[in-house]
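Novice: From these two lone chains plus the hints, build me the complex, please.
Those sequence lines, one after another, are chains P and H.
Residues in the first sequence are numbered consecutively from 1, following our numbering.
Residues in the second sequence are numbered consecutively from 323, following our numbering.
Calculated directly from the structure, the hints in this document are not laboratory data.
Please note: incorrect hints may appear among the correct ones.
As the list claims (entries may be wrong) - Heads up, simulated DSS-like pairs for lysine-lysine below, C-alpha to C-alpha not over 25 angstroms straight-line: (1) Lys459/H with Lys310/P; (2) Lys459/H with Lys384/H; (3) Lys297/P with Lys322/P; (4) Lys459/H with Lys192/P; (5) Lys474/H with Lys24/P.
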Amino acid sequence: MKKIICTLFLGLMLSAPAFSQAKKPVIMVQPSDAWCERNGCVTTYDDMGKKVPMPDYQAAMKNEDMRAVISTMADFMAENGFPLKSLEQELKKIQTGSAELSVLTSKDSGAQISESPLDRLRRTAKPDIILDMDFTVRRNGPNKQVSFNLTAVDAYTSTIISGNVGTGSTANAPMNVLLTEAVLSFKDNFLKGLQNHFDDMFANGREVTVALYRFDSSPVDFETEFDYNGQEAELSEIIDLWFSENAVQGRYGSPEKTENMMKFTQVRIPLFKEGLNGKPRAIDAAGFANDLVRFLKKEPYNLVVKSVPKGLGEVWLVIGEK
Amino acid sequence: MTLAVLMASAVLYGKKNERKESFKSWENYEITTLKVGTPGTKYVKVWAFAKKEDDAIMQAKKNAVHACIFRGLPANTAEGANATPALVRDNSILENNLEYFEKFFAPGGDWLAYINVTSDGGKPSGPDKLKVKGGYKIALRVQVMYDNLKKKLEDDGIIRSLNSGF
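Pulled out of the complex, with its shape left as it was, chain H reads as follows (with noise of 0.2 angstroms):
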């Protein structure tokens, strides 16, 4: 009876560990702000690499959501804006938070209400497209939600809202 236990306690953090580690690899991608987005907004070009384009895509679109949360955006002075920090600050946030962000990030999940505009009505093509060994590398303009997404993380009690506690 012990030995079960303990062993499904070993797959169970086993497992917690895997999600975790997908999350914190979840880092090779790369983006850039395009502009100063209207209110509320974020406006970034994002690539990501996939074996078909249509999932690239979705990747990408993906990939700009989780940089609004875990990564921050970078600055563009050239276009006047500046870095935009990462929603979730802290490490320990994702890690006691793992099942959340499992199922936001899941297919159809509640990344998709984030992504407003994309580039995708017109596939991406030229430089934006890219056939590399193994898929292909795709650049997309996305339009992220942010102070929508940020609501959401405040409303969920994820990250703290700046009225919290007064």
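Extracted from the complex, chain P is given alone in its bound form (with noise of 0.2 angstroms):
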């Protein structure tokens, strides 16, 4: 009977996905800021008087042997469904867009865009899986030898889902052929992390992380005290409780808590779920959250709670205002 059930559960959780898909994740390979710091590609920024040094990532993608490295990457990944996005192109989308938007008028009124500051923020390259490459050529003579160190890090949580370090072998070639070698040597690593990454997601959800602040005009705070089922409890209690028990099978990180903000790392969140139309739809953090935003909404909490979704992975629910 067990058995039966076992079978039935799975033939379920896997037919979800013909009616939708998973988000799929955005993938990019950035330079690491050890090879952007090596290689000159480095710009400043003042911060409050400090010098603080950071990636010039427009330099590092006129890098000859970068540009090798992420052609031959990207290559591979289109092969297994997975386009690369280029950093290099989105960070002219962003200049051109930016000069675009701010001359952009209507016809009749001249108006101009409304923008929030946040939304210049969001405006960024914002990929969901972050590449981090990096290499180094030592040379020997006429012999060239190139070590990398390819990092695949989730954007949100920050974890390390697949590691590949290596060197490869001692040569009197053409740069770019080594490092096609390089990348092709790691390859199949490095796609067994990702599948590793993408299994465990589709078998215990997706990690998310869902943060809450508060406007400090919100006369209430994580340390009000509500009726919960005759009992009375801290609304960080109360949010902690409801985490415990929509988390797919109750999974998340201890979260951090003050009076003004809670974070839930390491949530757990189903990769679908049935949507307003009451068909099954794939979802993100935000999606996820939705629903929490519909428990505070109700009573006895009557909260007012604005959702800034900010990727995949990451959410930030804001109480006290739209």
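Specialist: Structural data, given as structure tokens:
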């Protein structure tokens, strides 16, 4: 009997994607900070009088070797159904997008595009999985040898999905041949790491971060007490309980909490849920958090909550106002 | 009648177990990665044992494909080649697809399509051909069309592709 129930459950789980496909993560190769520093692709910004160095990706994308590596990786990722998002093109798009938006006006009144500071901040290259690429070339007479370090990182949870370190053969060959060889050498291990990550996601749900904040205008904070089934409990405790009931298998990390914020990390959310039209649909962190927004809107909390999606795996909820 | 059905089931169960065991015991061979292959391929040196030299050569080619599917390939740090994971990572996949793999590895089966260049044009000689008790142990350099093999197993629903479910 137990076997039949298990089979039926598995069948049901597998049939979900037949109705709807899980949201596909955006993957992008990014030169590592260490590579940028070693190759002089660094810019500085002024942080209250202190010069802080930061990677200059635009300069990094002009480096011939980095372009060869990214191009080889893009090739095999596309073959595996995951075309990489180009960091170079994305940076260009952001630049031209900003310029176009600033001159766009309406035909009749000449009204300009309304854009909040948050909107402007959001127009940045935002991958779901970052492939942090580092490599060095050692020279020994006419011979060269490439050492590489590629780490795939979940952008929302900072979890390392796949790590690959290795050293290529020593040869007197053109640089792009050695770099291609290095990429091909770690390709299958790297793909296996990604596959394990996706298998885990399909089996146990997507891992996301949900952060809750409050506008300073809100009379309610996370230590305000409410009635919960005849007992007085702090709002933070009630929200914690909501996560234990709604996360897949009740799995999530211990939350950070103060009177003004709560942060839930490693929250396992289902990939699909019933949409407003009653049909199953793929969801992300914001889709999952919508149920919490509805819960907090009800009696006795009556809270107005603003939802700010930060990508597939992160959402901010701000209580007090929209 | 019931007895006949029970006996038939027992025979079938026995055969299935026998097949499973034959695949499981197919682990007794040596393989090393020679270098990083050209895109989509693996370049390996693989050993096989058989009574006749020609059978050992054929078995070596089969072993190379078997290793890519079930064992994975070891790294060769001197040549800058990382280890390659097995395409089938879960034992249950073999158990649930015994018939598929039996047909795949049958003489003249699909596995042949994934062997490209081998060193048997000139037959193995010297340290690559050892006369041992009961036959020959030979070594062959083989290029396996790894990406094509992976695609075949994905298309046949044996393993999941990276983008399945998305």
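Novice: Now, for every hint given, state plainly whether the structure supports it.
Specialist: A quick look at each hint next to the structure:
no.: 1; hint: Lys459/H with Lys310/P; result: violated (60 angstroms)
no.: 2; hint: Lys459/H with Lys384/H; result: holds (14 angstroms)
no.: 3; hint: Lys297/P with Lys322/P; result: holds (12 angstroms)
no.: 4; hint: Lys459/H with Lys192/P; result: violated (33 angstroms)
no.: 5; hint: Lys474/H with Lys24/P; result: holds (23 angstroms)
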